[in-house]
Amino acid sequence: MKDTTSESPTVNSAKKEQGRLGKALRSQGLFLMLFLLVAFFGSQAKEYFLTFDNLITILVGATALGIMAAAQTPLIISGGIDVSVGSVVALTTVIVGKLLATGMDSRLVVLIALAVGVAVGLLNGFIVVQLGVNPFITTLGTMSFFSGLAFILSAGQTVSIRDDLFDWFLYTKPFNIPILVIILFVIMGFALFMERKTVVGRNIFALGGNREAARLSGVSIKALPLGLYAVSGFSAAIAGVILVTQLGAASPQLGTSYLLSVVTAVILGGTSLAGGRGSIVGTAIAVGILATLSNGFAHLQLPSYGQTTALGAALIIAVLVDQISQKSKSAK
Amino acid sequence: MIDSNRQDRARKGPVLEIKSVSKSYGGVQALSDVSISVNAGEILCLVGENGAGKSTLAGIAAGLVSKDSGKIFIEGMEVNISSPRTAELAGIKLASQELQLCPELDVTTNVLLGHYPTRKLPFLVDYAGMKIKAAERLSSLGLDEINLDLKVSELPVVYRAFVQIARSLTPGAKILIADEPTAPMSYAEASSLIKLLRTISDQGVGIIFVSHRLDEVLNIADRVVVLRDGKVVDEFNKNEGSKERLVSSMLGRESQDLVKSSKQKEFEVGLAMQVSGLCTTTGISDLDFTLNYGEILGIYGIAGSGRDYLGMTLFGANKPRSGDIIVDGRKIRLGSIKSAISQGIGYVPAERRTQGLLLERSIKANITLAYLKTLSRLGIVQKELEFKSARNWVDNLSIKTESLENSVTSLSGGNQQKVLLSRWLLTGCKILILDDPTRGVDVGSKMEIYELLQQLAYENKVAVLVITSDIEEVLKISDRVAVIRKGRVAMNKTKPTQQEVAQAAYLEVS
Chain L
3 MKDTTSESPT VNSAKKEQGR LGKALRSQGL FLMLFLLVAF FGSQAKEYFL
53 TFDNLITILV GATALGIMAA AQTPLIISGG IDVSVGSVVA LTTVIVGKLL
103 ATGMDSRLVV LIALAVGVAV GLLNGFIVVQ LGVNPFITTL GTMSFFSGLA
153 FILSAGQTVS IRDDLFDWFL YTKPFNIPIL VIILFVIMGF ALFMERKTVV
203 GRNIFALGGN REAARLSGVS IKALPLGLYA VSGFSAAIAG VILVTQLGAA
253 SPQLGTSYLL SVVTAVILGG TSLAGGRGSI VGTAIAVGIL ATLSNGFAHL
303 QLPSYGQTTA LGAALIIAVL VDQISQKSKS AK
Chain Y
26 MIDSNRQDRA RKGPVLEIKS VSKSYGGVQA LSDVSISVNA GEILCLVGEN
76 GAGKSTLAGI AAGLVSKDSG KIFIEGMEVN ISSPRTAELA GIKLASQELQ
126 LCPELDVTTN VLLGHYPTRK LPFLVDYAGM KIKAAERLSS LGLDEINLDL
176 KVSELPVVYR AFVQIARSLT PGAKILIADE PTAPMSYAEA SSLIKLLRTI
226 SDQGVGIIFV SHRLDEVLNI ADRVVVLRDG KVVDEFNKNE GSKERLVSSM
276 LGRESQDLVK SSKQKEFEVG LAMQVSGLCT TTGISDLDFT LNYGEILGIY
326 GIAGSGRDYL GMTLFGANKP RSGDIIVDGR KIRLGSIKSA ISQGIGYVPA
376 ERRTQGLLLE RSIKANITLA YLKTLSRLGI VQKELEFKSA RNWVDNLSIK
426 TESLENSVTS LSGGNQQKVL LSRWLLTGCK ILILDDPTRG VDVGSKMEIY
476 ELLQQLAYEN KVAVLVITSD IEEVLKISDR VAVIRKGRVA MNKTKPTQQE
526 VAQAAYLEVS
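If you read the protein sequences in the order shown, they are chains L and Y.
Its first residue numbered 3, the first sequence is counted upward by one per residue in my numbering.
Its first residue numbered 26, the second sequence is counted upward by one per residue in my numbering.
No wet-lab data here; the hints were simulated from the structure.
Heads up, a few of these hints could be off.
[As the list claims (entries may be wrong)] Computed beta-carbon distance windows for the label pairs: (1) Leu410(Y) x Phe37(L): 38 to 48 Å; (2) Ser178(Y) x Phe187(L): 21 to 31 Å; (3) Ala312(L) x Ser178(Y): 43 to 53 Å; (4) Lys425(Y) x Phe147(L): 52 to 62 Å; (5) Asn517(Y) x Leu133(L): 38 to 48 Å; (6) Phe37(L) x Thr307(Y): 36 to 46 Å; (7) Ser347(Y) x Phe187(L): 48 to 58 Å; (8) Leu114(Y) x Ala276(L): 33 to 43 Å; (9) Leu275(L) x Pro196(Y): 40 to 50 Å; (10) Phe147(L) x Thr224(Y): 57 to 67 Å; (11) Lys398(Y) x Leu172(L): 35 to 45 Å; (12) Ala276(L) x Gly360(Y): 57 to 67 Å.
Using N, Cα and C, we set each Cβ at its ideal position, and we do this for glycine too.
Work out the full structure, taking the sequences as your base and the hints as a guide.
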């Protein structure tokens, strides 16, 4: 007995390294994509693109998307999906605008906005988990519902917003790094910790991989998804507040660009829409790719629709490569 | 159809000859220099443990697997089989293990799927003609009782398998490959399927039949070929074989009967679980039985007897309509898995892949799934502790793997089953419920699982409940057997005979 325990961990750690290497190779494909993008944009606009300031600009531009993608990743791994986040962003910005106009304290306004995010997430979760409606259809429905609600509340108007609290968020830069970027990294780090180290993370993979097996092993198949939808709504509310600070405006049209880019980032990062497989690291790199694309296109003054074309192609290529590597793995 | 030519065909020699076929996957030699032949109207059974090469061989003949070397002849002519399509054109038809039907379409369409008769214009389907053709096909197989207008989803499972076979038998069929068609069936269902295969072979079609059930094999086969480690190790005609010979050539050693440990009778009579008045919507009505610590209780019943959902119900995965389940003198909450687990009940489901395993995950993650909370502190999984716990059971149950981090799909069926057992042994459960624990498991692993269950019951004093549709299994392993018929216990006896069990289970039917 002693013999096996003293010997096997070394054998195992060698194998584990191999497994990690395989995973790393897949994310290296994404890294390569990111690297090529940076190299291309760098060669085209060296003096502007490859600077620390521009790196910060890219990261600041990625905060809203990154935070929502960090919440969407575990949701999709668990076998769910939330396409309503864009509308929740719009709804929360409108609510922030409305409440600030009444003269309410801005800290309270932010809290209310975040609570609204959690509430709409719980609504999504309730419909999916308790009523048993397909997640995609549920959130497609609520996407339209919340978007309409945002237009009704705002009467379609864009209002500009100035507030000290928001300015503080925007201009505070400990160590020259904007606080928004720090928030992004903290949230990503927390998501990674949850994925890798915790029981909840493991149960999310179990749930998405084989729901019945998870259920028969005592994994909660209701509370867990409900929580994930709430977190997704919460992340959209955070993104909404961040957008208000960044743009200094609230509008029911704000979230539309996030309708699909959140899901796109997660899928590009290697998470399987079927559930059970995926990673925060992949999502983080994918968010980096998306943000670099939009920043680079802006520097080169290329039309933004070229950007969406490139993104679409990249998505299909990335998923194709992933499928081929999965197939060759299962053939062995 | 081909009956009249049958003798001519036999004179011409075998319909299908596979000569010196080899195949390797990576470094593993799945088949090496295997030759078999099938005559017209003959049923050839392929037997072997999991990984012996049966499915690879059947796959090569059906064009699903490409061979590394070797030749295939149909009626003496060499054919190049490179895809399922070329195999079909050559007259080799496959009725695959999983049903490949469109459940929402009617029987007519399913029987003719992809081969519709057309009217003058090639894209107009002649539905009336289809019905006639489908009816002819079914009645030639003696299956007139199947209603052509029903959706396949409305048919009983056996009929679906019949439709699948009828569909595979397109015109020009010379060889039918049936790869474990009886695996998901009860014995009664399987025997009606075997009758159908007989009918087909009587019409001159050669059949390659793959099965794990040795009784079935001895019953149906004209000839048996035994594979082991990718080689043909034994081949005999119907009357030369016996079960002992089959098992010993499959395993490569003399078959060992289960050594019943002498401890078995001295189990402490401690009541573990008492079930009374259990009624469900799934066919259990007023069921009573008791289960003691340190014994193995076998529950046997045919399909539809109420056996199917019993395990799930006891484990809280299905909510019963009424009744009591008392564990250690306390009623447990019905329909709550968490309550069952907290009372020390573990459950190994019948469908390993769909109900048990996380196919994307490692062996370790599969073993520790139900015990993560205990292996964690403040919600954080303790890596070392998790690794050691999993390692411990992998060693104890001698699960054959190089690393705990390997995917669970890299294991054979028997070892996968041991992973599921480890999942519950790790939790230290006192009551273990198993549904069909050795379905699709090779003979060697079967023995290991039986021995393991005995060790659990007799040494660790676990209360073991085995629910099974395999009459031999229930006789072999149980200290006490309860037979379910029509949702009630029809017999409850220590060490009954096969006769007694069968009578209790079938009495009303025959």
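Exercise for review: Check the following: the C-beta atoms of Ser347(Y) and Phe187(L) are separated by a distance inside 48 to 58 Å.
Suggested key: 56 Å, holds
Review point. For the pair Lys425(Y) and Phe147(L), does the Cβ-Cβ distance stay inside 52 to 62 Å?
Key: 54 Å, holds
Check your understanding: Using the C-beta atoms of Ser178(Y) and Phe187(L), is the stated range 21 to 31 Å upheld?
Key -> 52 Å, violated
Review point. Can the suggested window of 43 to 53 Å be confirmed for the beta-carbon pair Ala312(L) and Ser178(Y)?
Key: About 45 Å separates the Cβ atoms of Ala312(L) and Ser178(Y), which means 43 to 53 Å holds.
Practice item. Could you tell me whether the CB distance from Asn517(Y) to Leu133(L) stays inside 38 to 48 Å? Key: Holds - the Cβ-Cβ distance for Asn517(Y) and Leu133(L), about 43 Å, lies within 38 to 48 Å.
**Study point:** Assessment of proposed distance window 36 to 46 Å (beta carbons of Phe37(L), Thr307(Y))
**Key:** Given range 36 to 46 Å: violated, Cβ gap about 57 Å.
Review point. Is it true that the C-beta distance of Ala276(L) to Gly360(Y) lies inside 57 to 67 Å, as the hint says?
Key: Given about 29 Å between the Cβ atoms, the range is violated.
**Study point:** Supplied distance hint 38 to 48 Å, evaluated on CB atoms of Leu410(Y) and Phe37(L)
**Key:** 39 Å, holds
Review point. Does the hinted range 40 to 50 Å hold for Leu275(L) and Pro196(Y) at CB?
Key: About 42 Å separates the Cβ atoms of Leu275(L) and Pro196(Y), which means 40 to 50 Å holds.
Point to revise | Outcome of range test on Cβ distance (Lys398(Y), Leu172(L); 35 to 45 Å) | key: 42 Å, holds
Check your understanding: Could one say that the CB atoms of Phe147(L) and Thr224(Y) fall in the range 57 to 67 Å?
Key -> About 59 Å separates the Cβ atoms of Phe147(L) and Thr224(Y), which means 57 to 67 Å holds.
Check your understanding: Is it true that Leu114(Y) and Ala276(L) lie within 33 to 43 Å of each other by Cβ?
Key -> 35 Å, holds
This entry does not satisfy hints 2, 6, 12, going by the numbered hints stated previously.
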